[in-house]
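Visitor: So the sequences go chain by chain: D and Z.
Per our numbering, residue 670 is the first one in the first sequence, and the count goes up by one each step.
Per our numbering, residue 670 is the first one in the second sequence, and the count goes up by one each step.
A portion of the hints provided could be inaccurate.
Copies of the same chain are indistinguishable here, so a pair counts whether it falls within one copy or spans any two.
Unchecked claim - With a cut-off of at most 27 angstroms between alpha-carbon atoms, the simulated DSS-like pairs for lysine-lysine come out as follows: (1) K719 x K689; (2) K719 x K783; (3) K733 x K751; (4) K780 x K703; (5) K704 x K719; (6) K783 x K733; (7) K719 x K751; (8) K689 x K672; (9) K720 x K778; (10) K672 x K703; (11) K672 x K720; (12) K704 x K720; (13) K704 x K751.
Keep in mind the hints are simulated off the structure, nothing from the lab.
Remember, predicted model here, so these are calculated numbers, not experimental data.
There are 2 protein chains.
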Amino acid sequence: MLKYNRDGLIPVVVQDYESKEVLMLAYANEEAIKKTLESGYAHYFSRSRKKLWMKGEESGNFQKIVEIRKDCDGDAILYIVKQRGFACHTGNFSCFFSRIDEIDESDGKMKMMKLMKSGESDEK
Amino acid sequence: MLKYNRDGLIPVVVQDYESKEVLMLAYANEEAIKKTLESGYAHYFSRSRKKLWMKGEESGNFQKIVEIRKDCDGDAILYIVKQRGFACHTGNFSCFFSRIDEIDESDGKMKMMKLMKSGESDEK
């Protein structure tokens, strides 16, 4: 029913229930989804640490599940959550806090913004 | 600045600007992002067809870019778009139209919903 990739993972889009902000993109294996369903709290598989983790287990920033959806071809899922605190380890509510497009004043066209180097994630 | 996976791709979460609904998860390579910036319309890389595609090139359901963000560790991006028509090839506005969790009446716990087999995507 769900299609996992060659590493046994499926990408999980995480959206805040109230603000509807997209909070993060993480990955789950079958066990993480099982634990999420059992506990009602978002669990993922950390690709860097190669282990299951519950969001908030260290930070306290738990994600209570409101609903879980899959996409039309079953190779991505969506957790809609009540976010406690903030989702990003940087202290931002969402991990998607950096805009990367800007309009070039000279010709009015969209281009890639020049960005500062961002912090590194410890959890994804 | 952006981190592509071993296939040279980066996952793209796509969100509707007005409703804030998560529309789909797709993948882009560097060229797709360049074309997206140049044209102002969402471009992706099709993993099944192994080629660049502009969303709507066949269906007319174009996605006009409002803004593009990256996440904290630069391995996922977010297109915020004005969706023309619908995002899903099934005719649904969003690809994430199938809820997969439900509450078990007997014990009040969350479990996986039994689902019908869904249609297959031709574009992702």
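Visitor: Which of the listed hints are broken here?
Guide: Violated hints: 1, 2; rest satisfied.
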